[in-house]
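S.K.: So the chains spell out like this:
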Amino acid sequence: MTVFIVKRLLGIAVTLMLIITVVFFLVRVAPGGPFDQDRQVPAEVIAALDAKYHLDDSLPQQYLDFMGDLVLRGDLGPCFKYPGRTVNELIAQSLPVSMQLGVLAMLLALAIGIPLGIIGATRQNSWVDTLAMSVSMVGLSIPRFVLAPLLVLVFGIGLYWLPVARWETWRHMVLPIFCAALPTAAYVARLTRGGMLEVIHSDFIRTARAKGLSESRVILRHALRGGLLPVVSFLGPGFSGLLVGSLVIERIFNIPGMGRYFVEAAQNRDYNIVMGITLVYGTLLMVLNAVVDLAYAWLDPRVKLEEP
Amino acid sequence: MTSPAEPTPHRPQSRGSERAALVDAEAIGDLEQIGGGHSLWSDAFRRLKKNRAALVSAAILGAMLLGCIVVPELSQWDYAKADLELGPTPPSAGHWMGTDYLGRDLMVRVFFGGRISFAVGMIATLVSFVIGVTWGGIAGYFGKRIDGLMMRLVDVMYTFPFLIMVILLQVFFANKDGALHELFKSSIRPFVQDASAPSWFPIFQICFIFAALGSISWLTMARIVRGQVIALREQPFVEAARSIGVGHWAIVFRHLLPNSLGPIIVYTTLTIPAIMLTEAFLSFLGLGTQEPLASWGLLTAGGAETMAIYPWLLIFPALMLAITLFCFNFLGDGLRDALDPRMRKD
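One line per chain: the protein sequences are H and C, in this order. Those letters in the first sequence? Residues 1 to 308, per our numbering, in order. Those letters in the second sequence? Residues 1 to 346, per our numbering, in order.
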């Protein structure tokens, strides 16, 4: 157990180093720089700006400086496009918003998807099953960026029930969270159904039924634990899907989260912001995957942790 | 959804394949010849024929693909030619799907966009198919330390935020004057006088990006194939092949992989829509296909911006995208039920 955790943490550290190195050189080798703009700026101004931010140093020198700041002080450096602000401030401000969106959307997706999947599996091939699976297929086939404008049109502009932009009260959160959650919920429903079907036909469930347990107790106490394993292992990729989906949701609903800054910063060549947000995403995903593996081993005694 | 670790030998009754292996190793590659009357494939086909939804999906996909190939050629309109006098008009007898804000015929643009959407989906899937099947096949067959090493790499790559990296690559290298463009121009300079990129360059560029995407989306495929191969490699027909001196590579590629085709086909069918969705997502962010080209993602994204005023600009491309994804998913499900007897409903 402890060995597993230590090994995983080491692995994460190594992978993060790799990501930092790749991103660092990738963005700097690529053409264009943070101070290229549409209107012409005198070369001296750009040179002065480059000098101010040490972008005129040699690449290895910049790399060492950056790594030094990051490792010793956790400092990701200044934003080039927002003078006077640091990347740390930007992330501190936008990460909670993105996390709120992601976590709430994941909870909603599980709350919709798991019951749908259980119903589908317990009434296999009935009309309820067909309906639930058809709905989930539709949910999988409609991209978030189509769903979001449609819902905005109906509930925001047509019925005038909910606000369609920003991130302040719970009323602002309803539409974005729902849009982010729906495709994930559809996938969770299908996974739950598949997992449950596999478990329901196994011997220990027959035993549970044979000893006279009520059907609901068989399903909820005995089958669910094994049937949800596919959902548990989906949580890692599912979260990463939600984070990526939030790039779209944050743009459509004008939410001040990390996703919006990421695309903008990549287009503006704002190296430090790109690096900071990539690191945050990467760390989140890898830690989450490790946690999911732990949870998996805890739920399924057949899985051994020593092997990862 | 699929559980590659479980041994699921979807082979025909081994009698047929053993005989085939002994008689003629060549014949193994040809799946039709294995097993005779009740092979996996004839069974699967029979089950698939009973599945209306899957058949209808396959027919719709075929029609859609045909339309994408034919319509832009036959139409009197051009996908890129603007008619500013006309501007955006709703569907009419002349323009069945209406025109966009530059007066371009939407139907031609939608079907032309379909070409790019299908093309990127298939290119990326093909690349991921080749890498994933080879990787999983080798890891599963040789086992032991080779397997451990190869699959550990897969585990590590699983946790890598690839789509973020794809976005970065796309932004930094594939823009109008990005590095890919420069590289291309400098590589053709010695051969041609005019060193500006040819008109098909943007299409090449988008395909290149998705080939790159495919080259990192093979992880699940590798896991599935490995599980299959591990389940199969101790079977008598493999032993028979080995005993008559068939080499390792021939066993992997002629005997093991063809017999694991069921789950491979299912997963491939489900990868195509996933990649098409990724293309749409990137195009929505402005990082995928660029105007004046079209793809369903780009058209849908453009339509979504003005949907309150010009709803047809959203409805038609979004409908095409959703129908295609829906059909691929349905077909994939139907194939799974047909090819994977353990998972089938009846």
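Derived from the structure by calculation, the hints contain no laboratory data. These numbers come from a predicted model, not from an experiment. Don't be surprised by glycine CBs; every beta carbon is placed ideally from N, CA and C. It is possible that part of the hints are untrue.
[Unchecked claim] Just the calculated beta-carbon pair ranges, DEER-fashion:
| hint | chain 1 | residue 1 | chain 2 | residue 2 | range |
| --- | --- | --- | --- | --- | --- |
| 1 | H | D50 | C | H248 | 55 to 61 Å |
| 2 | C | L74 | H | P42 | 36 to 42 Å |
| 3 | H | L95 | C | E234 | 48 to 54 Å |
| 4 | H | V128 | C | G67 | 34 to 40 Å |
S.K.: The structure should be examined with respect to each hint, and the outcome stated for every one.
M.R.: Status of the hints after comparison with the structure:
{"no.": "1", "hint": "H:D50 to C:H248: 55 to 61 Å", "result": "holds, 56 Å"}
{"no.": "2", "hint": "C:L74 to H:P42: 36 to 42 Å", "result": "violated, 54 Å"}
{"no.": "3", "hint": "H:L95 to C:E234: 48 to 54 Å", "result": "holds, 50 Å"}
{"no.": "4", "hint": "H:V128 to C:G67: 34 to 40 Å", "result": "holds, 36 Å"}
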